[in-house]
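Novice: Residues per chain are reported as follows:
2 protein chains.
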Amino acid sequence: MITIENLLHWIQETLLQLNLTNDMNQPKGFSRLGYTKEEQDAHEQFRVIAQNLGLETHQDSAGNQWAVWKVDENASTIAAGSHLDTVYNGGGYDGVAGVLTAFAAVKILKAKQFKPVKNIAIVAFACEESARFGVSTIGSKAVCGLLNTDRVANLKDTNGITLQEAVNDSGLNWQDIQEAELATDAFEQFIEIHIEQGRLLEKTRKDIGIVRAIAQPTRLLITCEGMTNHTGTTPMNDRQDALVAIAGLISHVESAALQMNERQSIPVMATVSTIKASPNAMNMIPGQVVIGVDIRSTNADLKQEMVEVILSFIQHTEVKRSVTFHIETLADDPPIQLDINIQGVLAELCEELNLSSMIMDSGAGHDAMNMAKRWPSGLLFIPCRQGISHHPDEYTDSQSLLNGAKLLAAYFSKCNEAPSC
Amino acid sequence: MITIENLLHWIQETLLQLNLTNDMNQPKGFSRLGYTKEEQDAHEQFRVIAQNLGLETHQDSAGNQWAVWKVDENASTIAAGSHLDTVYNGGGYDGVAGVLTAFAAVKILKAKQFKPVKNIAIVAFACEESARFGVSTIGSKAVCGLLNTDRVANLKDTNGITLQEAVNDSGLNWQDIQEAELATDAFEQFIEIHIEQGRLLEKTRKDIGIVRAIAQPTRLLITCEGMTNHTGTTPMNDRQDALVAIAGLISHVESAALQMNERQSIPVMATVSTIKASPNAMNMIPGQVVIGVDIRSTNADLKQEMVEVILSFIQHTEVKRSVTFHIETLADDPPIQLDINIQGVLAELCEELNLSSMIMDSGAGHDAMNMAKRWPSGLLFIPCRQGISHHPDEYTDSQSLLNGAKLLAAYFSKCNEAPSC
Numbered sequence: 010m011i012t013i014e015n016l017l018h019w020i021q022e023t024l025l026q027l028n029l030t031n032d033m034n035q036p037k038g039f040s041r042l043g044y045t046k047e048e049q050d051a052h053e054q055f056r057v058i059a060q061n062l063g064l065e066t067h068q069d070s071a072g073n074q075w076a077v078w079k080v081d082e083n084a085s086t087i088a089a090g091s092h093l094d095t096v097y098n099g100g101g102y103d104g105v106a107g108v109l110t111a112f113a114a115v116k117i118l119k120a121k122q123f124k125p126v127k128n129i130a131i132v133a134f135a136c137e138e139s140a141r142f143g144v145s146t147i148g149s150k151a152v153c154g155l156l157n158t159d160r161v162a163n164l165k166d167t168n169g170i171t172l173q174e175a176v177n178d179s180g181l182n183w184q185d186i187q188e189a190e191l192a193t194d195a196f197e198q199f200i201e202i203h204i205e206q207g208r209l210l211e212k213t214r215k216d217i218g219i220v221r222a223i224a225q226p227t228r229l230l231i232t233c234e235g236m237t238n239h240t241g242t243t244p245m246n247d248r249q250d251a252l253v254a255i256a257g258l259i260s261h262v263e264s265a266a267l268q269m270n271e272r273q274s275i276p277v278m279a280t281v282s283t284i285k286a287s288p289n290a291m292n293m294i295p296g297q298v299v300i301g302v303d304i305r306s307t308n309a310d311l312k313q314e315m316v317e318v319i320l321s322f323i324q325h326t327e328v329k330r331s332v333t334f335h336i337e338t339l340a341d342d343p344p345i346q347l348d349i350n351i352q353g354v355l356a357e358l359c360e361e362l363n364l365s366s367m368i369m370d371s372g373a374g375h376d377a378m379n380m381a382k383r384w385p386s387g388l389l390f391i392p393c394r395q396g397i398s399h400h401p402d403e404y405t406d407s408q409s410l411l412n413g414a415k416l417l418a419a420y421f422s423k424c425n426e427a428p429s430c
Numbered sequence: 010m011i012t013i014e015n016l017l018h019w020i021q022e023t024l025l026q027l028n029l030t031n032d033m034n035q036p037k038g039f040s041r042l043g044y045t046k047e048e049q050d051a052h053e054q055f056r057v058i059a060q061n062l063g064l065e066t067h068q069d070s071a072g073n074q075w076a077v078w079k080v081d082e083n084a085s086t087i088a089a090g091s092h093l094d095t096v097y098n099g100g101g102y103d104g105v106a107g108v109l110t111a112f113a114a115v116k117i118l119k120a121k122q123f124k125p126v127k128n129i130a131i132v133a134f135a136c137e138e139s140a141r142f143g144v145s146t147i148g149s150k151a152v153c154g155l156l157n158t159d160r161v162a163n164l165k166d167t168n169g170i171t172l173q174e175a176v177n178d179s180g181l182n183w184q185d186i187q188e189a190e191l192a193t194d195a196f197e198q199f200i201e202i203h204i205e206q207g208r209l210l211e212k213t214r215k216d217i218g219i220v221r222a223i224a225q226p227t228r229l230l231i232t233c234e235g236m237t238n239h240t241g242t243t244p245m246n247d248r249q250d251a252l253v254a255i256a257g258l259i260s261h262v263e264s265a266a267l268q269m270n271e272r273q274s275i276p277v278m279a280t281v282s283t284i285k286a287s288p289n290a291m292n293m294i295p296g297q298v299v300i301g302v303d304i305r306s307t308n309a310d311l312k313q314e315m316v317e318v319i320l321s322f323i324q325h326t327e328v329k330r331s332v333t334f335h336i337e338t339l340a341d342d343p344p345i346q347l348d349i350n351i352q353g354v355l356a357e358l359c360e361e362l363n364l365s366s367m368i369m370d371s372g373a374g375h376d377a378m379n380m381a382k383r384w385p386s387g388l389l390f391i392p393c394r395q396g397i398s399h400h401p402d403e404y405t406d407s408q409s410l411l412n413g414a415k416l417l418a419a420y421f422s423k424c425n426e427a428p429s430c
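Protein chains in written order, with the numbering used here: chain A, 10 to 430; chain B, 10 to 430.
Treat the hints as calculated values from the structure; they're not laboratory data.
Keep in mind it's a predicted model, so treat the numbers as computed, not measured.
A portion of the hints provided could be inaccurate.
The list cannot tell twin chains apart, which means a pair is met if one copy fits it or any two copies do.
[Said to hold, decoys possible] In the PhoX-like style, the derived pairs of lysine-lysine whose C-alpha atoms are separated by at most 25 Å in a straight line are:
#1 K119 / K212
#2 K285 / K37
#3 K165 / K285
#4 K212 / K329
#5 K165 / K215
#6 K46 / K329
#7 K121 / K79
#8 K165 / K37
#9 K165 / K121
#10 K329 / K121
#11 K46 / K165
#12 K423 / K79
#13 K37 / K121
#14 K124 / K37
Please take these sequences and the hints and turn them into a complete structure.
Specialist: Written as structure tokens, this is what we have:
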């Protein structure tokens, strides 16, 4: 057996180890981008931790790092994990929490002398964040056979290095990356723990969020064409100012989303997140403005309703302001539903463990959204302070990490009893 | 004498000559930036035209090109002119119209065998446009002793060439540029003809605009600080979205200016002309937005009222949205009043010549705004099609150019009668 104190201490030490630091308080946060030496160094620590726990390790051809508690080659395998890469100046919990709690769950089971009859695999997926190449979850996409190599090979980072080059520079071979795909019988199921990156758990004082569905964004690129003209000579009532036209849309998107959320329980989030005005000169009326709109909900109908709200506003504005709009749909992916049985088991286990829990949706994408397309999958959230993430101030306390680890240990244990948990 | 047909033909030929082209219809317009070979080539054509008219030419140490109808060294001099440089892909009338009509006025007077008793000086000021170095009216500033050489010497163009280097590359000497300043007795007065760069004359079907005052901009750089957060995990009612906050301000600036213009006769123009959002990433709520606001009116009180409207809205928004604003005043120059006596004489002459005219304000800056600080100065507008300027579609018909030339010729003639016109 292991005491709670020792376990909390081990969690803190392992958290530092995976973050390659002696102090989680880093004013500039952690910059450990996908397919960099920093990510590889974290994967090296993953191997050290795994080996200390008596697990077998291997890296696949996409750079995903695996650790397996292998008990029987012919038995099924329960997989768990997340990722170790971060955004630029990110936090030390996004991703790390999922890998760390999986290891901690194994540590708990091993301390209890638990004898699994199914294999347990822990994974650190490579390059989950889109921060470097603008595309997310490269490693888990490869495992799930969802990676379109032609489409992503030549995406560049800010230094002009392509994804293909970065993968090759990591000691891998881009030509082999598809070999990371696993057969359907490789896993019985997959489970991921992640920090919430929102404030719902903190506000409702819940220990655990059991995720029902993952919202995938609908993304629009909206261009408004007005007329560039001199700011000093063009009367206010004789302008086709594209920025004023877009400003109305920005305000309308927010107020429409707020109204929709008052009306029904599943939230829709709509954000004008990018903007570029031309000519963007102090003495010229903006003649063209391009904005990016990110719309999310686990209810696809609500996303579509928001798109229609935008279309309607645009039509009205075209008439009112003599401007023209052009809309390009960059993404329109349906929400991913997670396994309902796994949610049920997790909810029961929370009660048994005296952990308060709630069913909730995920507004952000995670490796689990790829895994869910291939294997029954679950996603658990633990609270993070003030919902702050992708930021040096990201923080989750050790108790929350311990709660996740205990729940995962109980889940592994439970699944060992059932033929298919 | 010269027939109207011949004069119109001469105006068309000289327009082509000053624009260094055989065809005014140029899809990419004219790119004749200050202190470039293109501007020098136009100045060379200025000299050819001047010499054909029997005028003496000289270049000053700021690169301004002068042509003088010298009748008496001890007599006073009436100066007229504008500039020959353009913006990138600009039109062939902005600036050129003022030089061309001044030459045409001399041609009319010479054809009439007019014998002036005062000298007449025609000028093409160097580098009037801010397009190359971000600062306007370099040449006329030098003539007026208003050029702060320390402040502008190292301003760079898009190729990294400094103003100082560009001046030296033009065969001038930066160290001598201040020597272009002229004594107060150099001129009795200055008059500039310019295309309106607005639609007021076209809409009211007036031949001539007699400018009362030149609006100089008040320019604000407004930063809104909110909180960057994930677009998918941050509830709509728990955001500090700097872009939504700024969008409200953009709309408010327009509606407040429209209201102010309904209330009183002197227009105020307020434009949010530049915008930059951070992090400007598709999945992040904008945490910081910086906008540039350009406010113009020939009534300084109205500009101040608009600033106060903005301050009031910002205070309200800070409370409502938990964002903070920071305002930097980049410019706050008072309007330039033009000489009231000159306006009166010009209005009388318009009646005599059967030209319809109106008193109006200039929203844009011109060389006359510097000259007005040193000498009694006048500024005349002629219509340009649809108010389009700084664009290849810029166009003013020959009749409007002829109207300007006739008015200027009449003005030169009138001033010869009076001791000080």
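Novice: If a hint holds in the structure, say so; if it does not, say that too.
Specialist: Checked hints:
| no. | hint | in the structure |
| --- | --- | --- |
| 1 | K119 / K212 | neither (34 Å within a copy, 86 Å between copies) |
| 2 | K285 / K37 | between (28 Å within a copy, 23 Å between copies) |
| 3 | K165 / K285 | both (21 Å within a copy, 23 Å between copies) |
| 4 | K212 / K329 | between (42 Å within a copy, 21 Å between copies) |
| 5 | K165 / K215 | neither (40 Å within a copy, 57 Å between copies) |
| 6 | K46 / K329 | neither (54 Å within a copy, 45 Å between copies) |
| 7 | K121 / K79 | within (17 Å within a copy, 108 Å between copies) |
| 8 | K165 / K37 | within (24 Å within a copy, 33 Å between copies) |
| 9 | K165 / K121 | neither (47 Å within a copy, 71 Å between copies) |
| 10 | K329 / K121 | neither (71 Å within a copy, 54 Å between copies) |
| 11 | K46 / K165 | within (17 Å within a copy, 39 Å between copies) |
| 12 | K423 / K79 | within (17 Å within a copy, 106 Å between copies) |
| 13 | K37 / K121 | neither (39 Å within a copy, 78 Å between copies) |
| 14 | K124 / K37 | neither (43 Å within a copy, 78 Å between copies) |
Hint compliance for this structure: hints 1, 5, 6, 9, 10, 13 and 14 are broken, all remaining hints hold.
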